[in-house]
Amino acid sequence: MDISTKTTDAPPPAPQPSLAEQKRNSRGATRPGDRIFLGLSRGSGILLLVIMAAIAVFLTYRASLAISKDHGNFLTTFEWNTNLTPPVFGIAVLAFGTIVSSVIAMVIAVPIAVAIALFLTHYAPRRLSGPIAYVIDLLAAVPSIVYGLWGALILVPHMTGLFGWLNDYLGWTGIFSWDSGAPRSMLTVGILLAIMILPIITNVSREVFRQVPQMHEEAALALGATRWEVVRMAVLPFGRSGVISASMLGLGRALGETMAVATVLSPDYVIHASLLNPGGGTFAQNIASKFGEATEQGRDALIASGLVLFVITLLVNGAARMIIARRKEYSGANA
Amino acid sequence: MSTAAVTDKRPSTLRGASLPKWSPWAIAGGSIVLAVAIGLIGGLHSKVEWGLIAAVLFLLGTYGVATMVEGRRQAKDRIATSLVWVAFLLAVIPLVSLIWVTVSRGVKVLNVYFLTHSMGVVADSEPGGGIYHAIIGSLEQVGLATVIGAPIGILTAIYLVEYGRGKLAKAVTFFVDVMTGIPSIVAGLFILSLMLIFQMQPFGFAGSLALAILMMPVVVRSTEEMLKLVPNELREASLALGVPKWRTILKVVLPTSIGGITTGVMLAIARIAGETAPVLLLVFGNPFINNNPFEGAQASLPLFIFQQYQQSAGASAAYDRAWAASLTLIAFVMILNLVARGIARWKAPKTGR
Chain A
144 MDISTKTTDA PPPAPQPSLA EQKRNSRGAT RPGDRIFLGL SRGSGILLLV IMAAIAVFLT
204 YRASLAISKD HGNFLTTFEW NTNLTPPVFG IAVLAFGTIV SSVIAMVIAV PIAVAIALFL
264 THYAPRRLSG PIAYVIDLLA AVPSIVYGLW GALILVPHMT GLFGWLNDYL GWTGIFSWDS
324 GAPRSMLTVG ILLAIMILPI ITNVSREVFR QVPQMHEEAA LALGATRWEV VRMAVLPFGR
384 SGVISASMLG LGRALGETMA VATVLSPDYV IHASLLNPGG GTFAQNIASK FGEATEQGRD
444 ALIASGLVLF VITLLVNGAA RMIIARRKEY SGANA
Chain B
115 MSTAAVTDKR PSTLRGASLP KWSPWAIAGG SIVLAVAIGL IGGLHSKVEW GLIAAVLFLL
175 GTYGVATMVE GRRQAKDRIA TSLVWVAFLL AVIPLVSLIW VTVSRGVKVL NVYFLTHSMG
235 VVADSEPGGG IYHAIIGSLE QVGLATVIGA PIGILTAIYL VEYGRGKLAK AVTFFVDVMT
295 GIPSIVAGLF ILSLMLIFQM QPFGFAGSLA LAILMMPVVV RSTEEMLKLV PNELREASLA
355 LGVPKWRTIL KVVLPTSIGG ITTGVMLAIA RIAGETAPVL LLVFGNPFIN NNPFEGAQAS
415 LPLFIFQQYQ QSAGASAAYD RAWAASLTLI AFVMILNLVA RGIARWKAPK TGR
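Sequence lines, in order, name chains A and B. Numbered by the working numbering, the letters in the first sequence go through residues 144 to 478 in order. Numbered by the working numbering, the letters in the second sequence go through residues 115 to 467 in order.
Think of the hints as simulated: they come from the structure by calculation, not from any bench. Each hint should be verified, as a subset may be incorrect.
[Claimed, not checked] Looking from chain A toward chain B, a few residues come up when the C-beta cut is under 10 Å (computed): (1) LEU183; (2) LEU296; (3) VAL299; (4) ILE318; (5) PHE381; (6) THR406; (7) SER432; (8) ARG464.
[Stated by the list, open to error] Derived list of chain B stretches under chain A, where covered just means 3 residues or more per stretch with a C-beta under 8 Å from a C-beta of chain A: (9) 315 to 323; (10) 386 to 400.
Heads up, the beta-carbon is just placed ideally off N, CA and C, and yes, glycines get one too.
Input sequences plus hints: build the corresponding full structure.
Dropping the structure here:
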């Protein structure tokens, strides 16, 4: 506002001082409006950084309070008795359960998600693929508690058939032996997590596959390649890093998923060799189920386990982002 | 004479031999019949096993027939095609089941009474009661979270796109990305650690703070994308007229991208509306109506679903309420999504013509 009135009023005969004045004006945000606005927007950027730092600091602080009182080994104790004096707790079972359930979810979800992404970009009739992609977008928005309710009331009863079958034919491996009890086990949790992370992996992979340069595909087709050979030689190599980062985003979701695991799993604080027998636990599930009965001491212990989860997801997500960033630089789509 | 014999042997076109279009259906039909036969003879009871046998037979049959007629490469192609279709159909089953079950069980108790009454004096195992208290809680918590999270997110995005150069902007970009992946329960634990330090009891606004933390990175990301779409010519034209930068942003950049920003904010609201974990830790749940988010425990829709499931010990009335609340929540989230996408399409920045 200032400058516009000034320039219109400024008489033309004296160009030198006005130019200098302009220079001073344009050097930075000297106008109060600009300064306030820059301050506000930069401030909120800094606030985000402060929040991240505060999360790390406060979680570490409360966690250190808890761990200093812990009479077990925080990493290796197979117990979670925080209300005892002195408290005894460790995250071994939780770390095991979290990793196992996420790995199961990844093993199931990644191939299927990649196949669906291929289906949407290369196989489905064009009229179908638009609406299906839209529906998958919407499914990504279904709240996790609804997946949890569905998993506990619908999926669990339907798992008995599969569990019996696995026990009959693969029970001798030990991993797939099933003694009895409701199938509220790590395998069911893994399958439910797979269903939950399917939409996000599919969405990201689809975006990547869509960016495959048309030229590559046409070149392969011109050489007489079948559709599968086009996919294998042009689409998948181009999309590999994208699929990896999509999977890691999905992994981040699976690691931190709380409510779906808390509703489906029937937890105990033991590591089971069998994936079919109920029991075990994950970081997030343990926090949700133990929170209600926890004293302040117990809450600190839960915060300590949350800190471990925080660090793990930071690492996974950071790695995924770095792969994406690297891919952007060397993307063939720009060439 | 010999040339005539050669042309007779050759097919009339340059294409190799190929299976007729109906062949996949024929193979599918054949393998289903065979699978039923095997199932009946072998005495397999589970229909799922029959289906699996049929699928395996179909794959083997396709591969065999295609190898014989078209060659190995075509056969592989056909296998890949059918596997991709199978993967798609496999994934559709749980997703369709989820929607179907939620709708069909949810409509049982979902009515005006359900939406306008609280659980007040109704025990979790009894029929009756409603979700009014949870809707109030959800609306207040999500509303407050939006009031905090959306402006900060939008301002940060403005900083990154309009001002951001150098180390600070890079750090903010990276940590926004990382923040997107924070599990919701960790955000809850962060606020919980503050509450433990200040010796506070659960209240609605604490949940809002955690939800705002979850919301900010989503808003930043989407707003950033939208601001980048605004053509630079518009900014330059405005600045060339002597308009200060902050007015350029407020009067030119933001109005141009307001549709996309609204969409992003609404999608973020849809995301946090379904978050349960932080609400469980910070707001705690309350069967009574509590209109004040700054004092005392509140309920919220996702938390209500969880507690109805968990605390009812299998009472079917509680499950019915949980499904009805799920349907309400899904409907809310889906409507937000659809409206947001509608706005995005309607207000899309007009590029080119």
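Now for the hints, and whether the structure bears them out:
no. : hint       : verdict
1   : LEU183     : 6 Å, holds
2   : LEU296     : 7 Å, holds
3   : VAL299     : 12 Å, violated
4   : ILE318     : 20 Å, violated
5   : PHE381     : 17 Å, violated
6   : THR406     : 6 Å, holds
7   : SER432     : 9 Å, holds
8   : ARG464     : 5 Å, holds
9   : 315 to 323 : violated (count 0)
10  : 386 to 400 : holds (count 7)
Hint compliance for this structure: hints 3, 4, 5 and 9 are not met, and every other hint is.
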